[in-house]
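S.K.: These are the residues of each chain, in order.
There are 2 protein chains.
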Amino acid sequence: MTEKYTAVLLIMDGLGDRVVKELGNKTPLQAAKCPTFDRLTTDGQTGLLNVIGPGITPGSDAAHLALFGYDPVACYAGRGPLEALGAGLPSKPGDVAFRSNFASVDDEMKITDRRAGRIFTAEEHRILEDALSGIEIDGVKVHFVATVEHRGAIVLEGSGLSGEISETDPHETGVKVWESEALEQRAEKTAKIVNKLTRMAFERLKDLDINKARADRGLPPANILLLRGAGQHKDIPTLQDNYGIKSAVIAGGSLYIGAAKYVGMEHVPVEGQTGTIDTNFDNIAAKSIECIKSNYNYVFIHIKATDNASHDGNAKEKVLAIERTDGMLSKIIDAVGDSIVIAVTGDHSTPLDVGEHQPDPVPIFFWSKFMRPDKVKAFSELDAPDGALHTIRGIDVMPMLLGYAGYIEKIGA
Amino acid sequence: MTEKYTAVLLIMDGLGDRVVKELGNKTPLQAAKCPTFDRLTTDGQTGLLNVIGPGITPGSDAAHLALFGYDPVACYAGRGPLEALGAGLPSKPGDVAFRSNFASVDDEMKITDRRAGRIFTAEEHRILEDALSGIEIDGVKVHFVATVEHRGAIVLEGSGLSGEISETDPHETGVKVWESEALEQRAEKTAKIVNKLTRMAFERLKDLDINKARADRGLPPANILLLRGAGQHKDIPTLQDNYGIKSAVIAGGSLYIGAAKYVGMEHVPVEGQTGTIDTNFDNIAAKSIECIKSNYNYVFIHIKATDNASHDGNAKEKVLAIERTDGMLSKIIDAVGDSIVIAVTGDHSTPLDVGEHQPDPVPIFFWSKFMRPDKVKAFSELDAPDGALHTIRGIDVMPMLLGYAGYIEKIGA
Chain A
1 MTEKYTAVLL IMDGLGDRVV KELGNKTPLQ AAKCPTFDRL TTDGQTGLLN
51 VIGPGITPGS DAAHLALFGY DPVACYAGRG PLEALGAGLP SKPGDVAFRS
101 NFASVDDEMK ITDRRAGRIF TAEEHRILED ALSGIEIDGV KVHFVATVEH
151 RGAIVLEGSG LSGEISETDP HETGVKVWES EALEQRAEKT AKIVNKLTRM
201 AFERLKDLDI NKARADRGLP PANILLLRGA GQHKDIPTLQ DNYGIKSAVI
251 AGGSLYIGAA KYVGMEHVPV EGQTGTIDTN FDNIAAKSIE CIKSNYNYVF
301 IHIKATDNAS HDGNAKEKVL AIERTDGMLS KIIDAVGDSI VIAVTGDHST
351 PLDVGEHQPD PVPIFFWSKF MRPDKVKAFS ELDAPDGALH TIRGIDVMPM
401 LLGYAGYIEK IGA
Chain B
1 MTEKYTAVLL IMDGLGDRVV KELGNKTPLQ AAKCPTFDRL TTDGQTGLLN
51 VIGPGITPGS DAAHLALFGY DPVACYAGRG PLEALGAGLP SKPGDVAFRS
101 NFASVDDEMK ITDRRAGRIF TAEEHRILED ALSGIEIDGV KVHFVATVEH
151 RGAIVLEGSG LSGEISETDP HETGVKVWES EALEQRAEKT AKIVNKLTRM
201 AFERLKDLDI NKARADRGLP PANILLLRGA GQHKDIPTLQ DNYGIKSAVI
251 AGGSLYIGAA KYVGMEHVPV EGQTGTIDTN FDNIAAKSIE CIKSNYNYVF
301 IHIKATDNAS HDGNAKEKVL AIERTDGMLS KIIDAVGDSI VIAVTGDHST
351 PLDVGEHQPD PVPIFFWSKF MRPDKVKAFS ELDAPDGALH TIRGIDVMPM
401 LLGYAGYIEK IGA
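Chain order of the listed sequences is A and B. With our numbering applied, the first sequence corresponds to residues 1 to 413, in that order. With our numbering applied, the second sequence corresponds to residues 1 to 413, in that order.
It is possible that part of the hints are untrue.
No copy labels: a pair is met if it fits in one copy or bridges any two.
[What the hints assert, rightly or not] No farther apart than 25 Å at their CA atoms in a straight line, the calculated lysine to any residue pairs in the SDA-like style are these: (1) Lys316 x Lys369; (2) Lys410 x Ala182; (3) Lys331 x Thr274; (4) Lys196 x Ile210; (5) Lys331 x Asp38; (6) Lys375 x Arg393; (7) Lys26 x Asp386.
Just so you know, these hints were derived from the structure itself, not from any lab.
Go ahead and model the full structure; you've got the sequences and the hints to work with.
M.R.: See below:
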């Protein structure tokens, strides 16, 4: 009889790379000592992954939608709703969300600092959130949360909204805050609301005591909100709708938590999971094992440290992040290896020598105790082409994982 | 000039497997001695086949539609029409068909035996068919045929029918025969007809002399029909429509004959072809050669024995079924190898250790005397990933076969 397994997706963000001179003309995956990856590729199946499609450079948000089994173009909602969900705001189909910055403007609304000096205390965050609470414009409720430093997220809750509006952040100083413009006719209401919100934020923030105190500390005032990444939360089926599964996300970065919540995963917080090289890998392993042992059918584990190192061009740190992830996985396999089907890969390539997302496919391996082995014995960009998976697409990963795990109904009889 | 060849598709049902401890950690294909498969893979091209798609477990019916070049979801008609066609009943687009059981009920229509004792003589089959002949309900004609033991098939011929109705077989004893219910509004007429048919079958069968005779032999009466696998015959183009080819099916199992007839193949009966390990492989070879030499452009040969062994977990018998199929193919190649393009594969994986269909891809090879060889020299799940075909889909097989055989028009000039 078909047994059920827990499907596990382990993503090392920005994993894919090219040969790096500093690493003796190896890729970071080749340079890293990864006994667990090597053992699981030896017993499992390896291949290359075009997360969106051949030649297409994936953004992290669209990449994750594809890896969760969704059409990354049709289901893409913009960054705003994912960041808002990741920051803990409520967002539902029809709502429009944004990423926001606290910034500094003069009396003419000209920007003097796009990040309002970057430095914010938790107390300042609380006071700024209070100042922006309870706003309702033309029947649309505004939800705001401050996140890290000057950053935050905003959700417009109401009907008749559209995400097709331009942003208000001009991305330079010395110019006025941009007016949001409708990019389609039915977005005019939303653009008007955003422009009213901008003026209302200025009115509510400019005279706050904390801005006087910031001036005393030599910091520019947080007296305006800049909005970008507009997107409308789409009405898409959840993983529960699609596959009847209960799923969990274990991630440090809010975008990944948000993307996972957008498709119906529950966020399982881990103490010390930071999204940096100093994230607590032991705690991530322990919480992953706990989730796999409990009644989750699918567990998504996201490691951000590989991408940070890639963007910084820090080869040693990328190798270290990979090795620590390998060590973390060894704990998971030792504890619950018999009850899982796992895929290990990245969401895109961020070559160290470029420091930005590139279209190179990413290596991927699948492993479970029952899977047919192929002849690949190491996990790397240069070994992966010899594997039994050949080249797959991001959108194939979810049905493959859930198919082997026993959660996809047979087609036909 | 492009010569024309006869395209041959040889399916070993449920062929795909995993490494099996009992076979020295080999798959059944690796364990089997198959000089013909080895020779043809050496000279031909090998790869992996996702019959429906990555991670999707194929049912046999949907799998065969894909292998015949049809979208297995859009063209899927349910099991009923395929079984009915396979059993020799007339069925045409719009008709609704079922698989049926003769069963035993008491006076309250409660089921006492779902298979009416399983044992039926040919004479009983004839009498039961007579008793159920000439039925017309609300302008819809009912066609019935008894097949093997208690099994049979039913076609409702008429207009305004729908296959979206629930079955009447409760799959347990001690409960009443289920009423069929409409699963969509336009199916209400069909559900009513089915429920009238159930009562009419009881009235016509309960007092038959054969049921008194069965009682004397200690057998329960065949006094009711249970219906399941409802499906509506869809209006799809035939292989003749799609490719202008004349095609034949050589199969023992009625489902496979039915699926082939559904797309327009002619059934060519073979004496002693049973769908078990004792099927007459020599006669299948002889009839295949005869068909290839005659004016068929496409010949589909189906061997069921591999799947039976897989579902039974019988490793030795699966190996034997593969070896006998290899021997059969050697006769075909010796006789008519020069005039064919052949693909050899399975319709799905049924690993011996699971005993059910699983999503693992199936190995496939193509061979003709003119085909470019790749480096694979054996036919197995573990060798196939190295082949020139990489990974293909079920729906690719027909155009590839017919393309090489010379039956697909160039696109463009």
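S.K.: A separate judgement is required for each hint: does it hold in the structure or not?
M.R.: Here's how the hints hold up against the structure:
1. Taking the shortest alpha-carbon separations for Lys316 and Lys369, only the inter-copy value of 23 Å comes in at or below 25 Å, while the best intra-copy value is 32 Å.
2. Taking the closest pair of Cα atoms, Lys410 and Ala182 come within 25 Å of each other only across two copies (23 Å); inside a single copy the shortest separation is 46 Å, beyond that limit.
3. For a Cα distance limit of 25 Å, the shortest separation of Lys331 from Thr274 inside one copy, 19 Å, qualifies, whereas the shortest one across copies, 52 Å, does not.
4. Taking CA atoms no more than 25 Å apart as the test, Lys196 paired with Ile210 passes inside one copy only; the shortest distance there is 23 Å, against 81 Å between copies.
5. Proximity of Lys331 and Asp38 under a CA criterion of 25 Å is satisfied intra-copy only: 15 Å inside one chain copy versus 43 Å between copies.
6. Taking CA atoms no more than 25 Å apart as the test, Lys375 paired with Arg393 passes in both settings, with 21 Å inside one copy and 22 Å between copies.
7. Taking the shortest Cα distances, Lys26 and Asp386 sit within 25 Å of each other both inside one copy (17 Å) and across copies (20 Å).
Every hint from the earlier list agrees with this structure, and none is contradicted.
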